[in-house]
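4 protein chains.
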Amino acid sequence: MKLLPSNLARKLRRWKKLRKSPLQRKLDLLHESARKRAFQHISADYVFEAQKEFADNTLTTLRVKQREPYLNNGSFHEAVGKVLLTAQCFAMMPVRGVTAKHPSRLSFSWRHVRTICCLIFLISTLCDLGLTIYKVVHGPINFNNIKPIIFKSSTLLVCLTALNLARNWPKLMLHWREIEQDLPEYHTQQQKCRMAHTINMIMLIGMMLSFAEHLLSMISAINYSFYCNATDDPVRNFFMLTNDHIFYVFNYAAPLAIWAKLQNVYATFIWNYMNIFVMVVSVGLASIFRQLNENLRIFKGMHLPPSYWSERRIQYRNICTLCGKMDTAISLITMVSFSNNLYFICVQLLRSLNPMPSVAHAVYFYFSLSYLIGRTLAVSLYAASVHDESRRSLRFLRLVPKDAWCPEAKRFAEEISSDLVALSGMKFFYLTRKLVLSVAGTIVTYELVLIQFHEDQDLWDCEASGNS
Amino acid sequence: MKLLPSNLARKLRRWKKLRKSPLQRKLDLLHESARKRAFQHISADYVFEAQKEFADNTLTTLRVKQREPYLNNGSFHEAVGKVLLTAQCFAMMPVRGVTAKHPSRLSFSWRHVRTICCLIFLISTLCDLGLTIYKVVHGPINFNNIKPIIFKSSTLLVCLTALNLARNWPKLMLHWREIEQDLPEYHTQQQKCRMAHTINMIMLIGMMLSFAEHLLSMISAINYSFYCNATDDPVRNFFMLTNDHIFYVFNYAAPLAIWAKLQNVYATFIWNYMNIFVMVVSVGLASIFRQLNENLRIFKGMHLPPSYWSERRIQYRNICTLCGKMDTAISLITMVSFSNNLYFICVQLLRSLNPMPSVAHAVYFYFSLSYLIGRTLAVSLYAASVHDESRRSLRFLRLVPKDAWCPEAKRFAEEISSDLVALSGMKFFYLTRKLVLSVAGTIVTYELVLIQFHEDQDLWDCEASGNS
Amino acid sequence: MKLLPSNLARKLRRWKKLRKSPLQRKLDLLHESARKRAFQHISADYVFEAQKEFADNTLTTLRVKQREPYLNNGSFHEAVGKVLLTAQCFAMMPVRGVTAKHPSRLSFSWRHVRTICCLIFLISTLCDLGLTIYKVVHGPINFNNIKPIIFKSSTLLVCLTALNLARNWPKLMLHWREIEQDLPEYHTQQQKCRMAHTINMIMLIGMMLSFAEHLLSMISAINYSFYCNATDDPVRNFFMLTNDHIFYVFNYAAPLAIWAKLQNVYATFIWNYMNIFVMVVSVGLASIFRQLNENLRIFKGMHLPPSYWSERRIQYRNICTLCGKMDTAISLITMVSFSNNLYFICVQLLRSLNPMPSVAHAVYFYFSLSYLIGRTLAVSLYAASVHDESRRSLRFLRLVPKDAWCPEAKRFAEEISSDLVALSGMKFFYLTRKLVLSVAGTIVTYELVLIQFHEDQDLWDCEASGNS
Amino acid sequence: MKLLPSNLARKLRRWKKLRKSPLQRKLDLLHESARKRAFQHISADYVFEAQKEFADNTLTTLRVKQREPYLNNGSFHEAVGKVLLTAQCFAMMPVRGVTAKHPSRLSFSWRHVRTICCLIFLISTLCDLGLTIYKVVHGPINFNNIKPIIFKSSTLLVCLTALNLARNWPKLMLHWREIEQDLPEYHTQQQKCRMAHTINMIMLIGMMLSFAEHLLSMISAINYSFYCNATDDPVRNFFMLTNDHIFYVFNYAAPLAIWAKLQNVYATFIWNYMNIFVMVVSVGLASIFRQLNENLRIFKGMHLPPSYWSERRIQYRNICTLCGKMDTAISLITMVSFSNNLYFICVQLLRSLNPMPSVAHAVYFYFSLSYLIGRTLAVSLYAASVHDESRRSLRFLRLVPKDAWCPEAKRFAEEISSDLVALSGMKFFYLTRKLVLSVAGTIVTYELVLIQFHEDQDLWDCEASGNS
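Sequence order for the protein chains is A, B, C and D. Residues in the first sequence are numbered consecutively from 1, following the working numbering. Residues in the second sequence are numbered consecutively from 1, following the working numbering. Residues in the third sequence are numbered consecutively from 1, following the working numbering. Residues in the fourth sequence are numbered consecutively from 1, following the working numbering.
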């Protein structure tokens, strides 16, 4: 075999030109010139925008205070403010300045009132957990009965992790802001607001659903307490049913009952909040990857200088580093959230095979099961979106034309295709779409096995605790 | 350590020449010259074909109308025409111009009669599904009893997805045609017709088998209705048995029975069609990858200019993009098709352990089970062939000789080996041969568990619905 | 950040030299010169060997006949000769010239007596299978009862595949020989004989164990036939027990019994042989990879010209292509062998939980189970060795020094690390060490489930067939 | 599409400079100069350290003996000395010179007293195992009853592997020391001591826990022997209960009982020690990877000459080679340790469902189960840390600036990202964090299945052996 003889090669090349009909060639020329114009337009736009932005920046840097306070600057810190504020109402994340414009105003102190509230709640939860364990070990231990222990200990664990996270939060947010500012900015206010909007919607819907679930749970418990009326006082019956671990040790007393109810409300909030928190952080991380991808998309298929790719690569690398830092900070919460969801789904499925004692129970049960499955799916998919967005950059690198293909673009492409950027559960598993399938498969298998070998167990007797 | 001394290296090289005996060397020379001639022959062929084609193209572009209408141009649009036309007879894919020569004639309109038919069918299915759910929730809910719900809701889902797909179909087909025309063309009519032939065979065999299955199902139901004769009228018995969800609510009426039968025929068609559709699209995608690979195969191991690789890489990239677009468009159908197949196989296996009430049932049962397994295998393997074909290009890149190895070839090879090109089920799983094994493994495991702990359940009583 | 100032860099470099003590430096020099000498020695050796070999080759090419017939040339064709000859005694692989010195003497013809024998056996097996199916469908169908069908149909399938393989065998062996001759040759007769030795040992041990297993099976069946004596004639009892599928249809007749016994012996041989065959091919493929690796190992860490890597890469590529061809040719046999082994292990484990009717049965049972597990492990590990050897080349490429790192070496390394070279079961699974673990895991899980939910089933009654 | 017009590109570049405000630019300049100074500082430090080290080395090489004996030189050999010494007290790892300063003083001899002790213990274990097997095959064989066989045979296997390892230990340690000395050294004594400290803590905690477990096991057995008192002598009762396999064959005799107790203590030690040993080797390997990463971390993001990367790459490669050698040497121990842990956890979980005969048993049971799970987790995580550390180098390579990106850095990055460096169980599985999850998943699934289909089996009767 020899190289193509040069004259043949030349002919081939000429033929390739000729292959297209004159008409087509003309169309091509028209097309090409249109393309050029479009590119110049974009470039001009870009320069114009850049100059405007430069002017903006100059102003911004010097006169931040004068800036319009009602304009969203698209930062994660700002978007997540309300989410953290809500958490603080329930004794979590005791960090100051969450609603400030700039993350530099964030601070953590052990002496702050929020921190003290949080510590008090931790001690209170510890007592509650102790009583629960005491109750459980005095009965038969099985998959269903340890539910309150799992529920309360994960609440405690998340609270502790959140406390630790609060200490690092100011530093993390400053780092995040730095990386955000380094990224190519969005040009429209709408694009900037998108992340904040998504986060707010998640918070709102998540809170509403969890509130509905708690209400239904209470109605079902009230209903149930009538059915197993131990005493004449319906309020007392209700509290004795839902807090049997306390009145197993102590005699009934109103203050104890109120404390228990409060404790239960707080724990339920935190149990729901940890899922919301994982979603919110995922949305934040996915959104900065999207911001980068948006820029890559605009310049898709164009001839760009190596410096462009070098800059983007460094930005991408920075986001990956941030992703790693956030993952380290929240991966315990992620893990607790995931294992909790799995455990509660399995327990509910186990119960699903038993006849319901009342319609209220049936409604609550199916709502609760759907809520659990929906929540698990939502957490999984939002968390997986970080991985999806991080891979999407590769698509634009595949379209780099031959002449613009430079070592920096190559390095960028290789780094994306060989690294795995995703949130993880303590690095034991990575949250990708594949995980969702394997989790779903596990649950379905478990359900099938349950159905196949089902023998009626009476899980709905008056002794069993009816909480959450 | 030093480099091989130059004189030693020279000796080595000379020795390598001498290593072969004079006879062998002569043979080699002969062989080499034969090879050269072959290559010149191919090149000449190629140039000749190219010139011919160029001439053809020139003519074609200017005088499309004059072209022989009975010549298949090997496009997917043309091959898939009849498949879509059949679907339209059953209220799916309401898009106009499916049998036109060029995809530019495709159009979708909400006001078109096909679209309206489709919408009517959707509403009718919705009613049917509602009645079915009403019936099911009034009995015990288990793996076997929810079968009609799964069947009808997936029909509805596929119909809706197909409606949405119909809206995008003209654009997709134009894009597909563009990419097809850019590819190196086949030289023989036979190669061009291959895809159309495969698609027609799939359609024909698929439809025949599904018709046979439906017939058997009816015979088995008729047989069964004699056995459980509720009334004296055999026709009435049959309809009351197969449409028990309707006559659970309404009294028996002939028009209702006819509507139910029609609904059932349509639903059965769609339930079969979704598998055929996934296969057809897979064949189409695999076939354009094969067209590219065919070209790579012809020039296998030759010294080719970088521009050759650059061109092929861009074509490969375009096909990948198309693959991604098609996947996004049909992945819901793929998912429904897969999960349906799995569910129905599991239900049938569950039934397989019970004694059959009649010979007709036994024949129907084993035919139906084989049909289901065969269909699932066929869908999986055809879908996996897209992935297989996309990887096959790599084999030819591995054979590029040392001197012709250029950055473009390298980039091409790296892109193929690091990307995963395959149809997917909503990106949760990718349809590769590996998936087939894991699916088979799951089914076998399920069957083993079933066999091991089997207790007779009477699934064949007169109350159980006998549909599909 | 700037580049290291040049003077600093120079200092660093000088320091690196100085870092070592004078003594060490002297030692280094000594070491280096020793190394050089070693390399020159090897190179000289190589050239010498090459010249000798060249001389040999010249002679060989011209006077093949005069060569010493007792010298093993290390080719796979020669090593596998006896294995194929044995197979031909049992109506498999009807190809002529398997014991010839050169694969060019191999030929296949439909009219040859071996082919006719093979076809007769196929028809005979078909009859046997038909009778077996007839017997089985007239009883309850379960995991245990379909054992004879699985056994006989896989025999038939393997026979058919082997017949097809025989047609392609001459071409495959010629290709193999070509690639082998192109590889760097071994220098010692011992290395050359190694593969042939391994293949012979596998054949010998495999055949002996399968013979022992068959003997034990017969003893156990004889023992059993005394216990369930239907008639007075012990020979008749034995045949009626082991061939119940024949005497379920026909009356007892001596010729039928002899035919059945012969059929059984042949089927048992083939059932064992397919595993041996997969092992033998694996050993052959692994051995040519090892031959290449041996050469890479000798030149490990040396400065070699790019042409060295280019040559090795092409040889590696050729072996991969051969591997692919062999895999396509035998993958059906591999698949049948694997699934058979898995199925029979599971059936035996299922039986293991039942009390044995006699000591002979117990001995046979535990020997048979160990044999099955050992055989499965051996097939898996030998097949996995192809993959292991194909990856081992990478280790030597990692040690290429900085200056000798060339594009060809890079390409070689990338190709090895991104390709998966292994035998497969119809491309559904690849035979690697990982597979062994997952198969073992599956079997253990199955056994655990069996143990946990064991209810005595009487699998050892007189009705159950006691064959193989 | 064209390249960016040069003037536009120039403008863009200028704009990028101008984009930052004058203030920011000034800050940047300040920052940059600070950075430069820092780098020069580090470089100066490095040169200084290097010169110091060079002086040290010169001294060291010539006068090793004069060096301060109380200074830890951070070598693995030194750190592991006490661990091996402890093992030698229990007849394992009979190699001399484990506490010497330099690995060159290590030696193995078959005639050494330690080796002879080891061989005597092996024979003694063999007898014990024989008696155990004899006892077990005379009863029903099931998952629970084969526990003593598994326990003793794995002890034997580990002992044999350790004996073989002892023969290679001197060579391995010399190789390890060589690689360690080649690595960039730590500057503080604290960093040097870290590995030794970790190893000591593992040894201490591991031994204490295993001692506590053994004590509890004895207390539980004593307690139990009172309950099932076969004779009047409590000591005799205890020995007859814990060594039932011996007194099943022989009559009771005090020397036999003492031998059995001794044997049991030794076996228990070895059963615990194998886990500790795997952990210790993992810590050693992870620590040399960490030493390399520490150096990469210091120079993170700086402009470094290609020679830096080349040197680091070779060091990394050496560590990988060492890792491979150590893995080959200990992978049988790793495998035995892993499978043992899994088996014992499953057996304990099986027992967990039965009511405990006494409180002592309950305490022992839950302590033992927690200990087993904790130990398995610890082994898995320490072993996985080798893999984690080996991947961490990649993170620093991702931060190499554009101008300092050289072929050597590229080769380094590609090698890390494509190779899998980890301890393995006979290459069947690799010890990574992912494995931990799949193991946990398997155990949880097993437990769920157990719970779901639990039927009381009386595993706590007087006949069942209560050992370990």
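A couple of the hints might just be wrong.
Ranges between beta-carbon positions, derived for each pair [to be verified]:
| # | chain 1 | residue 1 | chain 2 | residue 2 | range |
| --- | --- | --- | --- | --- | --- |
| 1 | A | 420 | B | 444 | 28 to 38 Å |
| 2 | C | 235 | A | 143 | 58 to 68 Å |
| 3 | A | 381 | B | 110 | 30 to 40 Å |
| 4 | C | 85 | D | 443 | 45 to 55 Å |
| 5 | D | 443 | C | 366 | 21 to 31 Å |
| 6 | C | 388 | B | 104 | 54 to 64 Å |
| 7 | A | 441 | B | 119 | 51 to 61 Å |
| 8 | D | 401 | B | 182 | 51 to 61 Å |
| 9 | A | 200 | D | 179 | 49 to 59 Å |
| 10 | B | 443 | C | 205 | 33 to 43 Å |
| 11 | B | 189 | A | 369 | 58 to 68 Å |
Bear in mind the hints are in silico, worked out from the structure with no lab data behind them. Glycine included, C-beta positions come from ideal geometry on N, C-alpha and C.
Against the structure, the hints:
1. 420/A x 444/B: 28 to 38 Å: With Cβ atoms ~32 Å apart, the hint holds.
2. 235/C x 143/A: 58 to 68 Å: Once the Cβ atoms are compared, 59 Å apart, the range 58 to 68 Å for residue 143/A and residue 235/C holds.
3. 381/A x 110/B: 30 to 40 Å: With Cβ atoms ~31 Å apart, the hint holds.
4. 85/C x 443/D: 45 to 55 Å: holds (51 Å)
5. 443/D x 366/C: 21 to 31 Å: Roughly 29 Å apart at Cβ, these two residues keep to the hinted range, so it holds.
6. 388/C x 104/B: 54 to 64 Å: Taking Cβ atoms as reference, residue 388/C and residue 104/B lie about 55 Å apart, which means the hint holds.
7. 441/A x 119/B: 51 to 61 Å: Because 36 Å falls outside the window, the suggested range is violated.
8. 401/D x 182/B: 51 to 61 Å: Given a distance of about 40 Å, which is not inside 51 to 61 Å, the answer is violated.
9. 200/A x 179/D: 49 to 59 Å: With Cβ atoms ~56 Å apart, the hint holds.
10. 443/B x 205/C: 33 to 43 Å: holds (36 Å)
11. 189/B x 369/A: 58 to 68 Å: holds (59 Å)
The structure shown violates the earlier hints numbered 7, 8.
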